[in-house]
Amino acid sequence: MHIDNEIDNEIRFLAQSEIRLKILSELNKRPNNVRGLVKTTKITYSSVSSNITKLEENNYITKVGTKYHVDPMAKIYFKTLMDFKKSIEIINNYDSFWDKHDLKLMSIDSIRNINDLKNSQLIETTPLDIYKTHNTIKHQLMNSKRVKAIFPYLHPEYPKLIEKILKNGGSVELIIPKEIVKAILLPMNEKLKKDATNNGKLKICSVTTDLNLYLTICDNKMSLGLFKNDGSFDQNRILISDDKKSCKWAKELFKHVKNTVIG
Amino acid sequence: MTSVQTKKELNQEFKDVKYILTSSMRTKLLLAVYNAPKNLDELRTELQKPSATILHGLKELETINLVRKSQKYYELTSNGYLLTTNMLKLIENWYSLSKSEIFWNNHDLSDIPEETIRKIYLLKDAEYISSTTSDLSISFNKYIQLISKAKKLEILLPIYSENHLKHIVNLLNEGSLKKLELIVSEEIYNSISENELFKNELLENKQVTITILENNFKIFLTCSDEFISLTLFFKDGHYDDSQILIATDENAKKWAFSIINQYLR
Numbered sequence: 001m002h003i004d005n006e007i008d009n010e011i012r013f014l015a016q017s018e019i020r021l022k023i024l025s026e027l028n029k030r031p032n033n034v035r036g037l038v039k040t041t042k043i044t045y046s047s048v049s050s051n052i053t054k055l056e057e058n059n060y061i062t063k064v065g066t067k068y069h070v071d072p073m074a075k076i077y078f079k080t081l082m083d084f085k086k087s088i089e090i091i092n093n094y095d096s097f098w099d100k101h102d103l104k105l106m107s108i109d110s111i112r113n114i115n116d117l118k119n120s121q122l123i124e125t126t127p128l129d130i131y132k133t134h135n136t137i138k139h140q141l142m143n144s145k146r147v148k149a150i151f152p153y154l155h156p157e158y159p160k161l162i163e164k165i166l167k168n169g170g171s172v173e174l175i176i177p178k179e180i181v182k183a184i185l186l187p188m189n190e191k192l193k194k195d196a197t198n199n200g201k202l203k204i205c206s207v208t209t210d211l212n213l214y215l216t217i218c219d220n221k222m223s224l225g226l227f228k229n230d231g232s233f234d235q236n237r238i239l240i241s242d243d244k245k246s247c248k249w250a251k252e253l254f255k256h257v258k259n260t261v262i263g
Numbered sequence: 001m002t003s004v005q006t007k008k009e010l011n012q013e014f015k016d017v018k019y020i021l022t023s024s025m026r027t028k029l030l031l032a033v034y035n036a037p038k039n040l041d042e043l044r045t046e047l048q049k050p051s052a053t054i055l056h057g058l059k060e061l062e063t064i065n066l067v068r069k070s071q072k073y074y075e076l077t078s079n080g081y082l083l084t085t086n087m088l089k090l091i092e093n094w095y096s097l098s099k100s101e102i103f104w105n106n107h108d109l110s111d112i113p114e115e116t117i118r119k120i121y122l123l124k125d126a127e128y129i130s131s132t133t134s135d136l137s138i139s140f141n142k143y144i145q146l147i148s149k150a151k152k153l154e155i156l157l158p159i160y161s162e163n164h165l166k167h168i169v170n171l172l173n174e175g176s177l178k179k180l181e182l183i184v185s186e187e188i189y190n191s192i193s194e195n196e197l198f199k200n201e202l203l204e205n206k207q208v209t210i211t212i213l214e215n216n217f218k219i220f221l222t223c224s225d226e227f228i229s230l231t232l233f234f235k236d237g238h239y240d241d242s243q244i245l246i247a248t249d250e251n252a253k254k255w256a257f258s259i260i261n262q263y264l265r
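Line order of the protein sequences matches chains A and B. Here the first sequence stands for residues 1 to 263, where the numbers follow the numbering used here. Here the second sequence stands for residues 1 to 265, where the numbers follow the numbering used here.
It is worth saying that the hints were derived from the structure and are not from the lab. Watch out, some of these pointers could steer you wrong.
[Said to hold, decoys possible] Computed list of lysine-lysine pairs in BS3-like fashion (alpha-carbon distance at most 30 Å, straight line): (1) Lys179/B / Lys255/A; (2) Lys104/A / Lys179/B; (3) Lys18/B / Lys39/A; (4) Lys79/A / Lys8/B; (5) Lys8/B / Lys203/A; (6) Lys124/B / Lys54/A; (7) Lys99/B / Lys79/A; (8) Lys18/B / Lys29/A; (9) Lys8/B / Lys67/A; (10) Lys251/A / Lys179/B; (11) Lys100/A / Lys28/B; (12) Lys75/A / Lys248/A; (13) Lys253/B / Lys244/A; (14) Lys38/B / Lys148/A; (15) Lys118/A / Lys18/B.
Make the full structure from the sequences, and use the hints.
Following this line, the structure appears as structure tokens:
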């Protein structure tokens, strides 16, 4: 992987100076003059003015009338830089979630689109509430009509939860290791199971390869759990979200895993 | 002087992005170990820098938990992999933009959905072709050549052009084109239906699906299994038939289909 020198230089020109970044982000919101920028950013007049000149020389901004505007192309460059900034924030904010965890089943697109998770919430167990992650997932599953899930292990409550969703007329699509298929299905009501399978309300994709990812999409909520690099599931933290982007992100990931494991 | 408080806030806001992107060494090291772990020798050969410089950079990246050393090899940590994938996206976004800067800068991009613009890295292998003063139809001819091989086309069509439509009707009649999905505005639809030939051969053709959108749009996008092409309007509102952006790779198709899907929704 290489970086073109010219692009390296251009990116560095912006990234080098917090003042330039701040000015651009203000002008990106609304065009302004030097005095206005001094007021909103609290940076001194001389710094604003000298950096405005540099930005103008490098074709990032243009003066129209009395105010500086960000050039249309510069806007796009700047937005992609801010997208990168946001992705660093997501990596850092959920550091304990990613650090030393196995990302092999995550698609490259899901990583490139990691900003879609910006409204998620990291749920961690505490010594006072060691079942917090499980209970959060359970709560999501209990009140849902349409569920897609990757369960890499069996929790004894799953069969009952799935049964309940099906009883309420909902649908369940599962990706699970081959070893737990029986254990999930056995406790469930025979007729319900049969009917649901026949009318497509219960779909099970059983997997013989490693399934090192936990993912649920319940109606408009999602939750994600990872395995540690040592191969054990990290039961102590999950990422959950109920916003549209995260759910779309999770659905794409579900599709990716399904395609990967079906091969 | 800018106050200490302001400086501190600014510093905090942009600290991480600045740290990663301002050192050419750190950036290059992350990219060097992105695809496979490497040892010091390999890094020295690849980056053409002395060991001390490389080791110093690696140490910095180890300190912020982006790189780790395992046996004698340096590799990305989970966080390092997440960050470098996104840094690469940034670099490729900039590359795609600057590679076809004249094309993007010449045109009105307002009808390309914002989300898709931010994923312009998917077009890194796209090339644009311009007509010249000695041959004004290079770009149109290229378009006709491309669609003549397609079995299936999806087109976001913002113009009523008999030239284009006649070729498409021919392709349908000759049988090379099996399936056409046309997305047009009401205004363009009305113009098409006023022409007897197009009314019969396009609108009443079973191989053609038409989606009519209420509003006009300013993006001419064609997708097939083999290629995608894009032409746009000038900022003054006129259609530009002189420049066409073309790509044939999977990423570009993904980019184009995501636009079509957004328009269909």
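Okay, the hints, checked on the actual structure:
Only pairs whose Cα atoms come within 30 Å are accepted, and Lys179/B paired with Lys255/A is accepted, the gap being roughly 27 Å. Annotation: proposed proximity of Lys104/A to Lys179/B is violated, straight-line Cα distance about 38 Å (limit 30 Å). At roughly 24 Å between alpha-carbon atoms, Lys18/B and Lys39/A fall within 30 Å of each other, so this suggested pair holds. Using a Cα cut-off of 30 Å, the hinted pair Lys79/A and Lys8/B holds, with the two alpha carbons roughly 23 Å apart.
Of the pairs offered as hints, the one joining Lys8/B and Lys203/A is violated, with about 54 Å between alpha carbons and a cut-off of 30 Å exceeded. A distance of roughly 28 Å separates the Cα atoms of Lys124/B and Lys54/A; the hinted pair therefore holds under the 30 Å criterion. Proposed proximity of Lys99/B and Lys79/A is supported: the alpha carbons are some 18 Å apart, at most 30 Å. Only pairs whose Cα atoms come within 30 Å are accepted, and Lys18/B paired with Lys29/A is accepted, the gap being roughly 21 Å.
For the hint pairing Lys8/B with Lys67/A, the CA-to-CA distance comes to about 27 Å; that is within 30 Å, so the pair holds. Between Lys251/A and Lys179/B, the direct Cα distance comes to roughly 29 Å. Compliance with the 30 Å bound is thereby established for this hinted pair. A hinted pair counts as satisfied when its Cα atoms are at most 30 Å apart, and Lys100/A with Lys28/B qualifies at roughly 23 Å. Between Lys75/A and Lys248/A the CA atoms are separated by roughly 26 Å; this keeps the pair inside 30 Å, and the hint holds.
Distance hint between Lys253/B and Lys244/A is fulfilled; the C-alpha atoms sit about 24 Å from each other, no more than 30 Å. A threshold of 30 Å between alpha carbons decides the hint, and for Lys38/B with Lys148/A the separation of about 39 Å lies outside it, so the pair is violated. At most 30 Å may separate the alpha-carbon atoms for a hinted pair to count; Lys118/A and Lys18/B meet this at roughly 20 Å.
Of the numbered hints listed earlier, those contradicted by the structure are 2, 5 and 14.
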